[in-house]
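S.K.: Sequence:
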Amino acid sequence: MPISGPEPRVVVVGAGLAGLMTALKLAPHPVLLLTPTPLGEGSASAWAQGGVAAALGEGDTPEQHAADTVAAGAGLVDPAVALLVATEGPARVRELLTLGVPFDVDAAGAFLLALEAAHGRTRVARVKGDLAGRAIMETLIAALRRATHVQCVEGASLHSLLQDATGSAPGRVVGVCCEVDGELRRYHAAATVLATGGIGGLYAVTTNPDTAQGVALAAGWRAGAQLRDLEFVQFHPTALDVPLRPAPLVTEALRGHGAVLVNANGEPFMQRYHPAGDLAPRDVVARAIHSERVAGRGVALDARTAVGAAFPEEFPTVFAACQAAGIDPRVVPIPVAPAAHYHMGGLVTDVHGRTTLPGLYAVGECASTGLHGANRLASNSLLEAVVFAHRAAQQLREDWPAMAASVAETEGAEAPAAHLPEPALQQLRERMSRDAGLVRNAEGLQGLLNFIDDLRAAHGDANPLLAARLVASAALQRRESRGGHYRSDFPEPHPEGTARVA
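Position 395, counted from 1, in the sequence shown is what the working numbering calls 841; the numbers after and before it change by one each time, with no gaps.
Treat each hint with caution, since some may be false.
[Unchecked claim] Here are the computed distance ranges between Cβ atoms for each label pair:
hint, residue 1, residue 2, range
1, Ala864, Gly712, 28 to 36 angstroms
2, Glu487, Gly566, 34 to 42 angstroms
3, Glu600, Asn711, 21 to 29 angstroms
4, Arg776, Leu543, 25 to 33 angstroms
5, Gly505, Asp900, 42 to 50 angstroms
6, Leu543, Arg843, 18 to 26 angstroms
7, Ala756, Ala903, 35 to 43 angstroms
8, Arg843, Gly628, 34 to 42 angstroms
For the record, the hints were derived by calculation from the structure and aren't laboratory data.
We treat Cβ as the ideally placed atom computed from N, Cα and C, and that holds for glycine.
Given the sequences, and given the hints that come with them, work out the whole structure.
M.R.: Rendered as structure tokens:
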């Protein structure tokens with residue numbers, strides 16, 4: 447096993463928005479960036495269409511943004527974290543603009559903002575309608591390629607965390623073990639930042655990359671890190687209903703623009719489910735669509751009046767996806783279905799990105815910062831990524847002298863990572879969608895846990911299996927319905943529902 451010896455550097459695992467921003471902001475300290483796919487590929491950040499939510503408009507305030515965030519999170523958002531992120535958000539968005547992200551602005555340079563579900567004001571900064579994620583990632587990747595303090599290793603898949611075995615700081619994370627070209631390699635570091643994304647790759651229908659299989663959850667849990675809110679999975683209400691993987695996203699901004707959800711009879715139906723109609727919180731909209739589909743009524747998004755002939759210019763990504771599927775959204779409604787989209791749970795962190803394990807940080811979707819609670823507010827994910835990347839990098843720079851002096855060797859050798867064959871992985875995805883999807887119950891979740899244990903007995907304790915088991919177990923333990931977690935056998939929220947820590 448090749449070993450890169452201990453060095454005073456930071457290892458960042460993951461090259462989405464949170465990972466790239468953290469790496470860039472650590473300059474001039476040396477950073478080793480590890481990613482399982484080539485830069486710019488396999489990142490959910492690049493596929494984010496809506497944009498970045500922030501109180502940038504006239505009359506809007508961080509307090510209002512924080513209040514909307516708390517309301518959407520169904521009682522589990524940390525209000526102090528929501529206010530912190532909402533307060534720091536505008537500066538981080540303007541920083542992206544300074545870096546070269548071509549946000550939509552008017553002639554005077556003011557942001558052209560969009561309205562999305564559960565926001566009380568128009569506050570989503572966009573790029574040409576639905577190109578925000580791609581534009582931000584292209585800008586950061588270009589900056590990373592110019593950076594002299596970052597070394598990048600592509601094709602490196604996280605296997606496990608390395609922990610100090612010398613006795614001087616037992617349990618401290620001192621790097622990672624990754625699989626590269628079929629062999630395990632150790633990468634030591636003064637500090638380790640996980641930015642590996644979410645768990646959508648564990649589901650049959652998802653808007654996420656296949657590589658988003660919850661590896662940070664599995665690696666963190668094995669090392670003893672605290673996890674939180676794993677049962678809360680957000681299903682985007684409107685993925686394009688075509689047999690593609692990942693399912694192309696049909697941005698929520700279309701509904702903010704006036705597009706309407708209709709059933710197979712062409713009838714709008716959302717007012718029957720929520721007073722806010724098509725702009726209700728995502729979990730409500732997703733379950734409403736699910737109910738209509740189960741009832742055999744089908745669902746489509748009608749943007750013919752709201753967007754019409756302007757579709758190619760105003761929403762080019764959605765238009766291209768529709769065209770590729772043989773659909774012209776200017777002429778016919780877009781067939782849509784819910785898809786696994788975002789994981790609210792993750793490794794517990796403080797407001798500086800520090801997990802409960804010394805030496806280990808987490809940023810982005812794999813972290814549980816307290817911002818999202820049971821249901822993420824639309825377009826808060828990119829915002830959280832840039833705010834916490836900034837805060838984590840700031841903390842790491844402050845702690846650099848002490849970290850650099852404490853780099854430790856590890857002892858022993860890791861066993862080869864258990865491998866889950868593709869047929870078994872596909873079986874897991876189907877069962878996760880069926881039993882840990884939009885609607886859950888005890889019978890299905892227990893059956894899912896038994897199924898996962900059978901796969902573990904047959905194939906070993908592979909990271910996808912452990913991550914899936916953690917999610918299913920958390921869903922079984924939360925005997926209520928709240929936000930993205932809906933139990934048909936416990937359909938109401940418990941009056942004393944609180945964040946459940948595993």
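S.K.: For each hint, tell me whether it holds in the structure or not.
M.R.: Verification of the supplied hints:
no.: 1; hint: Ala864 - Gly712: 28 to 36 angstroms; verdict: violated (50 angstroms)
no.: 2; hint: Glu487 - Gly566: 34 to 42 angstroms; verdict: holds (36 angstroms)
no.: 3; hint: Glu600 - Asn711: 21 to 29 angstroms; verdict: violated (49 angstroms)
no.: 4; hint: Arg776 - Leu543: 25 to 33 angstroms; verdict: holds (31 angstroms)
no.: 5; hint: Gly505 - Asp900: 42 to 50 angstroms; verdict: violated (57 angstroms)
no.: 6; hint: Leu543 - Arg843: 18 to 26 angstroms; verdict: holds (23 angstroms)
no.: 7; hint: Ala756 - Ala903: 35 to 43 angstroms; verdict: violated (55 angstroms)
no.: 8; hint: Arg843 - Gly628: 34 to 42 angstroms; verdict: holds (36 angstroms)
Of the numbered hints given earlier, the model fails hints 1, 3, 5, 7; all others are met.
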